[in-house]
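Peer 1: Chains as they are written, first to last, in our numbering: chain A, 81 to 195; chain B, 6 to 115.
EDC-like mimics (lysine to aspartate or glutamate), calculated; alpha carbons at most 16 Å apart, straight line: (1) B/K102 - A/E139; (2) B/K74 - B/D36; (3) A/K135 - A/D145; (4) A/K94 - A/D168; (5) B/K102 - B/D36; (6) B/K102 - A/E182.
Restraint ranges, calculated between C-beta atoms of paired labels, are given here: (7) A/E139 - B/P115: 39 to 49 Å; (8) B/E19 - A/S163: 42 to 52 Å; (9) A/G96 - B/G20: 49 to 59 Å; (10) B/A71 - A/T162: 43 to 53 Å; (11) B/Q47 - A/D107: 10 to 20 Å; (12) A/R191 - B/A71: 35 to 45 Å; (13) B/T61 - A/K94: 42 to 52 Å.
Footprint (simulated), chain B over chain A, 3 or more residues, beta carbon under 8 Å: (14) 112-125; (15) 183-191.
It is worth saying that the hints were derived from the structure and are not from the lab. We put the CB at the ideal spot given by N, CA and C, even for glycine.
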Amino acid sequence: GAVVSQHPSRVICKSGTSVKIECRSLDFQATTMFWYRQFPKQSLMLMATSNEGSKATYEQGVEKDKFLINHASLTLSTLTVTSAHPEDSSFYICSARAGLQETQYFGPGTRLLVL
Amino acid sequence: LAKTTQPISMDSYEGQEVNITCSHNNIATNDYITWYQQFPSQGPRFIIQGYKTKVTNEVASLFIPADRKSSTLSLPRVSLSDTAVYYCLVGYYNTDKLIFGTGTRLQVFP
Chain A
81 GAVVSQHPSR VICKSGTSVK IECRSLDFQA TTMFWYRQFP KQSLMLMATS
131 NEGSKATYEQ GVEKDKFLIN HASLTLSTLT VTSAHPEDSS FYICSARAGL
181 QETQYFGPGT RLLVL
Chain B
6 LAKTTQPISM DSYEGQEVNI TCSHNNIATN DYITWYQQFP SQGPRFIIQG
56 YKTKVTNEVA SLFIPADRKS STLSLPRVSL SDTAVYYCLV GYYNTDKLIF
106 GTGTRLQVFP
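Bound-form chain A, shown alone (with noise of 0.2 Å):
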């Protein structure tokens, strides 16, 4: 399957602060990058779809202005979580696909901890 990486895998931050985590697919173009927040023992939560070179699609309830995504090219979508607080701090893991009827492959995820 098609390769899917984020940096950093881990990140401990401080309250106030704003935090950049990357997607990039490795081995192919991404029209479409989505990204997920991951509660323990809870399943995947969709906070937004991004199509490149447009802004992106926040769900309900997610706030644009604090996960600012930006999906400057084919292979790189950024989150950036702005003025970070503990309540924050999960496992956010992003996904590409290649373009519409295409299988849609997952990042290894980004551990998230707000102190």
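Add chain B to chain A, keeping to what the hints say.
Peer 2: This is chain B only, laid out in the frame that chain A set:
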């Protein structure tokens, strides 16, 4: 998007065949069925996808009855490394965003 229902958990022993059934009563005509596997602290991994009847790959088989209101993921001869959460999702051939349900937590014992 069709809603799916799966058992919360299942137990098995090494070497046994495991069948996990997913209900999707409201599946639409153009929807496909996709299964993912997730280990702790990792992203989901694609297992198999199908539309109707039976699909088989090197990892699993997917059985879909004619009415397509359910599907069964079959894992032959499971090992301890198959202990994971398995998610069933439906959507229009990957053009839809994937909405995850609760998944089935499979525990394989020696």
